[in-house]
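Colleague: For reference, the chains in residue letters:
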Amino acid sequence: MKNNLLRFCLWFLLCFSSFSMGIIFYLVIIDFGSFWGLELWICRCIVVSCAFVFCLAVAWFCIWRLKKSPDRESADIIDLNPHESQIVPSFVGMFVVSLGLAAMPISSVIAVSVLMFLFWGILCHTSYYNPFFTLFGYRFYQARLDDVHAKFVILITRRDGLKNGMKINNLRRINNYTFMEI
Amino acid sequence: MLDDEYRVFMKKSGKRGEHRLVESRQGVNYDDIKLFGGVDFGALDSMAIEFSAEAAPEVDEYYYIDLDEQHSGMMDDYIQNASSTAGVSLAGPDDFSKAEVLYVARGDGGGVKSITFQKILPSVKISSGFSLFLFDGRPEIKKLDRSISIVNRIDAIYDVERKRIYFREFSKIRCMFDGIVDYYRSATDDEVRRVKECGYLDINEDVKVGVRSRKIIASMLDDRILEDPEYSSKLGRIFDKYGEELELKMVDGKIVVGNDKELTKALSVMIGRCFTNEITGEKTLAIRAERFAPISHGGDVPSVA
Chain W
2 MKNNLLRFCL WFLLCFSSFS MGIIFYLVII DFGSFWGLEL WICRCIVVSC AFVFCLAVAW
62 FCIWRLKKSP DRESADIIDL NPHESQIVPS FVGMFVVSLG LAAMPISSVI AVSVLMFLFW
122 GILCHTSYYN PFFTLFGYRF YQARLDDVHA KFVILITRRD GLKNGMKINN LRRINNYTFM
182 EI
Chain A
2 MLDDEYRVFM KKSGKRGEHR LVESRQGVNY DDIKLFGGVD FGALDSMAIE FSAEAAPEVD
62 EYYYIDLDEQ HSGMMDDYIQ NASSTAGVSL AGPDDFSKAE VLYVARGDGG GVKSITFQKI
122 LPSVKISSGF SLFLFDGRPE IKKLDRSISI VNRIDAIYDV ERKRIYFREF SKIRCMFDGI
182 VDYYRSATDD EVRRVKECGY LDINEDVKVG VRSRKIIASM LDDRILEDPE YSSKLGRIFD
242 KYGEELELKM VDGKIVVGND KELTKALSVM IGRCFTNEIT GEKTLAIRAE RFAPISHGGD
302 VPSVA
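Order-wise, the sequence lines are chains W and A. Every position in the first sequence, counted from 1, becomes a number in the numbering used here once 1 is added. Every position in the second sequence, counted from 1, becomes a number in the numbering used here once 1 is added.
Errors might be hidden in some of the hints.
What the hints assert, rightly or not - Quick list of in silico lysine-lysine cross-link-like pairs, DSSO-like style, CA-CA up to 30 Å:
1. K164(A) to K69(W)
2. K164(W) to K152(W)
3. K114(A) to K164(W)
4. K69(W) to K209(A)
5. K16(A) to K164(W)
6. K69(W) to K16(A)
7. K144(A) to K152(W)
8. K168(W) to K164(A)
9. K152(W) to K164(A)
Simulated from the structure, these hints should not be mistaken for laboratory data.
Excised from the complex, chain A in its bound form (with noise of 0.2 Å):
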């Protein structure tokens, strides 16, 4: 593909999920709609983290997933339809209700650089028989028939090269890259139940284990946090020193648990989400955390404060 070269596609729903080919053109200008416009995947590095599942990102930071052997076989019909474009048919009238994923490619005078990806939501699929008033020049009345506007966002971008999968939200990269949920880690029912009977909570009832809660728990339950035999007292020295401070309450060992806010306080600080920030001395309750390192479970499990 050529440097001013781009190749739109979408994606289907369903179980074939199959592509459609919207139009291959070269040096045309739309660079001004983020979806056709080039990555520059430095400066994208400099605002992405890697995922894991119990992180959040600021509001200009992406995710990136690095795709192993195993799953960037997911990359391969979209990388392939970018590179030979005659393997896929025309979209055509009969195309536009089951569209679930708008996509460019674009080249750096060889092979394809970069895909960016948006989701198509029901609230931009323009139905038969909606009118518009057209307000560029003489303003009038337009049907437009099985449409689909094209919203200023990218959902998700990838690097070819690097196998590198830049994205927002997980919910809406779920549906456009099959096996990318093995990357997504929540824990299961069962795992709450376990953790809720770990001896470390009391928990009332009627709260309810929330998407970012579950999250943690299965961080917790990954880096078997809970099988350091020396964890109830590290979590008796995380009261104590910061105790105060975190406006929760301990009762034989026991974190107190009253609704759903505490709840996820509580397991920030069961993974060792507490510390004092060295430069400022403030102590410090983290919403997220980035590992230098993977915990090794061969050995020692690391101090959690």
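Chain W extracted, bound-state conformation (with noise of 0.2 Å):
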């Protein structure tokens, strides 16, 4: 019962992290107003920064907690291709929407904002790209596994020199498509 909540919680932030660039961008052409006496662009900066720091936190914490898990897997790969090209439409769409949120109150807002982050807890379960994992030095790949399993997963490493044929070790899975080399 607690590893299902703690794995739902690790899930949650996951799906959180992943979703919370369009997070940013939202408060980035939002008007929110001044505050301390600043300047708009001033205030807009600090919320900004917080935002992005508190979501390179969580980000963070995923990782770690992703290191911390007990289970150990490995995959055969025999054909690797960087990922982020195909994932880059998907994030277009996010920001697109989160423009289109700017002018809405603040009901529809929420509204709209939960419902595209159930959708996103649903993508979650069988993909997942997160640009703040790149701003720690992991790359995005498609791999092709073994001819037992023929399947094609999301492969998320730092390593440099990555060939075809190779085997690796020290994953963690994140969901049944996509796993991160600690």
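Fit chain to chain and form the complex, with the hints in mind.
Modeller: Take a look at the structure:
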């Protein structure tokens, strides 16, 4: 029971961390007024910076928690391709929606955000991309596994010099199709 | 896989026989559970006999089957899953009802060294709503939803390097390995009829041919024992020598069989299981025999007594 709760919390944080770039983008464009008698642009910089640091901390915590996970997996890789280019359209779509939210009343913003997050959460069951991970030096690859499994997975790793046909150990599972090398 | 690393999977029933990952960990000591413990193949070999359909192992003995090239493919899924867990989905609540086999892979610092298997019987599945008293500390009632109890028993062990499967009961491993039935031989109804009508048995119509008898019949036909032109005289000599001890009757060259037990005994006699112990001089009917070399069908049929 406790393990299930911990797993759910980690999954939630991973989803949030992946989703949080959209929130930062929304904060960049909305007008929330000035505070402490500062210029508006300075206030905006402070809020966005604080949000950015918070999201970065969440991403770091997710990586740390994955490192602490006792499960240690491996993969026989046949073929590797960079994955970032395939994920960009999804993020562009999210940013466009974030732009549109600026003109909406706050109740609508909350409703749309919750729905988008739920949708994002469903996507996170089969695929995963987190732009904050790239700030920690991780890269995303689409990897084809051995012939017995004949399956494509997303591999997140910091390692340079990856080659086709290599075996990768010390993986942590984010979902059944996404693995992170720690 | 590292020495102290183990990976636990389950296989689901059904034609697709999907596999699911349960756990993949390192350095956790579950050695008091047999399924998770390391395997000493040297010790295992000393208490294992080669599988033959009509053999019967002792209580602490194992059968073994050396897989040939044609059949070793049945282990590919198990080995590849253990080697590359990324290809296997995690087990979820929906997999509970179809869970059929639990298996644990262990490494030797390189690849996969051994895989131990346990068949999941319906009796070890705890369905939703089942409550238990736990006496670890303060007693309490806990609700277990869709749980599987791991029994302290191993149903099969696979030595990856030698491609050898060890097991105790064939019926339990049948669902684990596709194609393993090729190693199991039991006589068909037609083969049973052929032996009944071979002219050496006078069987009461009420006698049922059981599993053990079918295995012996299959062995008898595979070895083409009845095709020996001198078989009738050899069988007669056996009865002259061992007839009193066998408690079987022979009338007009036919062994009279009145019940299931006599049938098994008669068939054992017909495949040459009567002998005199050279040490003790006792006349003996062997329940099981192990060949030193396979029978050659190219030349003479070997003596049955």
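Colleague: Where does the structure disagree with the numbered hints, that is, which hint numbers, in rising order?
Modeller: 1, 4, 5, 6 and 7
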